[in-house]
Amino acid sequence: MAALQPVRGTRDLLPDAARAHRAVEERAFAVATRFGFGEIVTPIFEFTEVFKRTLGDTSDIVTKEMYTFEDRGGDSLTLRPEGTAPIVRAFISGGLAQQVPVKAFYRGPMFRYERPQKGRLRQFHQVGAEVLGVEGPAADIEVIVLGAHILEALGLGDTVTVELNTLGDLESRAAYRETLVAYLKGRQGELSEDSLARLERNPLRILDSKDEGDRAVVADAPVLADSLNTTSRDFFARVTEGLDSLGVSFEISPRLVRGLDYYTHTAFEFTTTHLGAQGTVLAGGRYDGLCKQMGGPPVPGVGWAAGVERLSMLMTDPPAAPRPVAVVPAGAPEDEVLATRLADRLRRAGLVVDLGYSGNMRKRLKRANTLNARAAVILGEDERAAGAVTVRDLDSGEQTRVALDDLEAALDRYR
RNA sequence: GCGGGUAUAGCUCAGUUGGUUAGAGCGCUUGGUUGUGGUCCAAGAGGUCGUCGGUUCAAAUCCGUCUACUCGCCCCA
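Quick note: to get my numbering, add 9 to the position in the first sequence (first position is 1).
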C-alpha cells in the first residue's frame with residue numbers, strides 16, 4: 010500500500026474530483042469570456058530568469074520554493090510557480106503590446122516546493138486573469154468584479170470576503186517603506202525572529218505578522234495611507250467608488266500586503282474562514298512595473314490568480330456525473346449485435362449511452378442502476394420479433410414498448 | 001525549513017491492563033431470480049495492522065526510525 014504513492018504534495022484527481030476541478034475551470038472561463046477575456050496558454054516551464062527577475066531575489070518563492078533544473082542543453086529551467094510572469098513574458102514575446110489592452114485568462118498547474126497542507130500542494134492548479142495596458146482604475150475594478158462573479162458562479166458569494174488595500178505607486182511605496190523601516194528599527198528589540206529577517210527583505214510583510222509581540226509594535230506603526238501621494242490616493246478612491254457603484258462589498262485592510270515584489274497600487278484578497286490557514290482563495294493586484302522590469306515596454310497590468318483545489322473544495326454544487334441511458338440486450342447473440350448498433354445510433358443522436366460489456370440481464374440492469382441511468386433500453390427475442398424495444402424508466406419503473414423507428418423521439422426526454 | 005497530531009479491509013471506523021484464528025457498517029463478488037435494477041435474505045472475497053528496527057515468552061497495542069497525511073508557523077492560490 011505504501012509502495013506506490015504519488016510524489017509528496019501531488020495528487021490524482023479521480024473522476025469525482027476531476028469533474029469538480031474541471032467545473033471550477035470551466036465556470037471561471039465562462040464568466041471571464043463574458044467579460045471579454047481570451048485564453049492564453051503558456052508552457053509550464055520557463056527560463057529560470059523569468060521568475061527570478063520578476064518575483065524578487067528575496068521572495069520565498071524564489072529562494073526556496075522553485076522546482077529548478079538544468080536541461081540537457083545546459084539551460085536553467087523552472088516549473089512555473091505562478092502565472093503572471095509567464096503571461097507577461099508571452100505578452101512581450103508575442104508582440105502583444107501593439108494590441109493593448111490585452112485581457113488574458115489562464116489556467117493550469119503551478120509548482121512550489123512547500124510543505125503540503127490542506128489546500129496547499131506542491132503541484133496545484135490556478136485560474137487567473139490579467140489585464141495589460143490599462144493605466145486607469147477601470148481595469149482594477151473590472152478584474153475584481155470578475156473575481157466576484159466567478160465566486161458567485163461557484164456558489165461562494167456568501168462564504169467569501171473581499172479585502173482591499175493600496176500599496177500606492179512606486180514613489181509612495183518607497184516613501185512608506187522608508188518611514189516604516191525607520192520606525193521598526195527603533196523598536197527592533199520587540200520584534201520576533203521572523204520579523205527581524207523580514208525587516209531587511211520585505212518590511213511591509215511585518216504588518217501582516219501573526220506574532221503577538223509584532224502586532225503590538227505594528228499597532229503603533231505609521232500607516233501606509235499617510236504616505237500616499239495625491240496620485241495614489243486618488244487612484245484608490247476611484248477603485249473603491251467603482252466597486253461601491255457596482256454593489257461589490259469589500260473591507261479595507263490596511264495591513265494587506267502582497268508577497269510578490271511587483272505589486273503597486275491596488276492589492277486584494279478574497280478569503281474564507283473554511284480552509285484553516287489557507288484562507289486565501291483568489292488574490293492579486295496591480296503590477297505597473299513588471300513588464301518593463303522584464304525587459305519589455307512599460308505596460309501597466311492588473312490581475313489575480315485563484316486556487317482551483319481550494320475552490321473545488323468549497324464549491325457548493327459540484328456537478329453530478331451525467332446520467333446515461335443503458336442499452337441492455339436480453340442474452341441471445343443477435344441481441345448483442347443489435348445492442349451495439351443501437352448504442353451507436355443513440356450516441357450519434359447525442360444521448361449519453363452505456364452499453365455493458367458482459368453479463369446477463371440482471372447484472373446489466375444492476376450496472377445501469379449503479380451508473381444512475383435514467384432509462385434502460387431492453388431488447389430480446391420478443392422485441393426483435395416486433396421490430397421494437399422495451400424502454401424502462403429506471404426512476405419510475407414504468408415500461409413501454411417502442412418501435413425501433415420511434416426510438417430517438419421516445420428517448421428525447423432522457424437527454 | 002520549524003513545532004504538534006494521526007496512520008487497522010476499497011471507504012468510515014472499533015480493537016480491553018501487551019495474550020493465541022484482527023472485527024463492524026458501507027461498498028464489492030456470487031446465489032436466491034436463464035427476460036428486469038433499487039428493497040430484502042444467504043454465502044463469499046478482501047488486511048505484510050503505513051515502513052524498517054527495538055523491548056518482550058508474546059506487539060495492531062510499548063519504544064525508536066523513515067514515509068505519507070493532517071494542524072499551526074513561515075509563505076501563499
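Read the hints as simulated data drawn from the structure, not as lab findings.
Check the hints yourself; a few may be wrong.
As the list claims (entries may be wrong) - Beta-carbon label-pair distances, calculated as ranges:
id, residue 1, residue 2, range
1, G396, G368, 50 to 56 Å
2, P231, D84, 55 to 61 Å
3, Q108, E58, 33 to 39 Å
4, G406, R124, 49 to 55 Å
5, R224, R424, 55 to 61 Å
6, A394, G45, 41 to 47 Å
7, A27, G164, 15 to 21 Å
8, P125, G166, 39 to 45 Å
Said to hold, decoys possible - Within a straight-line C-alpha distance of at most 30 Å, the following computed DSSO-like cross-link-like pairs (lysine-lysine) qualify:
id, residue 1, residue 2
9, K372, K73
10, K372, K61
11, K127, K219
12, K375, K219
13, K219, K73
14, K127, K194
15, K61, K73
16, K194, K61
17, K219, K301
18, K194, K219
19, K372, K301
Where a beta carbon is used, it is the ideal one built from N, C-alpha and C, also for glycine.
Evaluated hints:
1. G396 - G368: 50 to 56 Å: violated (26 Å)
2. P231 - D84: 55 to 61 Å: 45 Å Cβ-Cβ, so the 55 to 61 Å window is violated.
3. Q108 - E58: 33 to 39 Å: violated (25 Å)
4. G406 - R124: 49 to 55 Å: holds (53 Å)
5. R224 - R424: 55 to 61 Å: holds (59 Å)
6. A394 - G45: 41 to 47 Å: Given a distance of about 60 Å, which is not inside 41 to 47 Å, the answer is violated.
7. A27 - G164: 15 to 21 Å: Given range 15 to 21 Å: holds, Cβ gap about 19 Å.
8. P125 - G166: 39 to 45 Å: violated (29 Å)
9. K372 - K73: violated (55 Å)
10. K372 - K61: Since the Cα atoms of K372 and K61 sit roughly 59 Å apart, the hinted pair is violated (cutoff 30 Å).
11. K127 - K219: The given pair, whose Cα atoms are some 20 Å apart, holds under the 30 Å limit.
12. K375 - K219: It is violated: about 55 Å lies between the C-alpha atoms, which goes past 30 Å.
13. K219 - K73: holds (21 Å)
14. K127 - K194: violated (36 Å)
15. K61 - K73: holds (12 Å)
16. K194 - K61: holds (28 Å)
17. K219 - K301: violated (34 Å)
18. K194 - K219: Answer holds: K194 to K219 is near 19 Å, not above 30 Å.
19. K372 - K301: violated (65 Å)
When the structure is compared with the earlier hints, violations turn up for hints 1, 2, 3, 6, 8, 9, 10, 12, 14, 17 and 19 and for no others.
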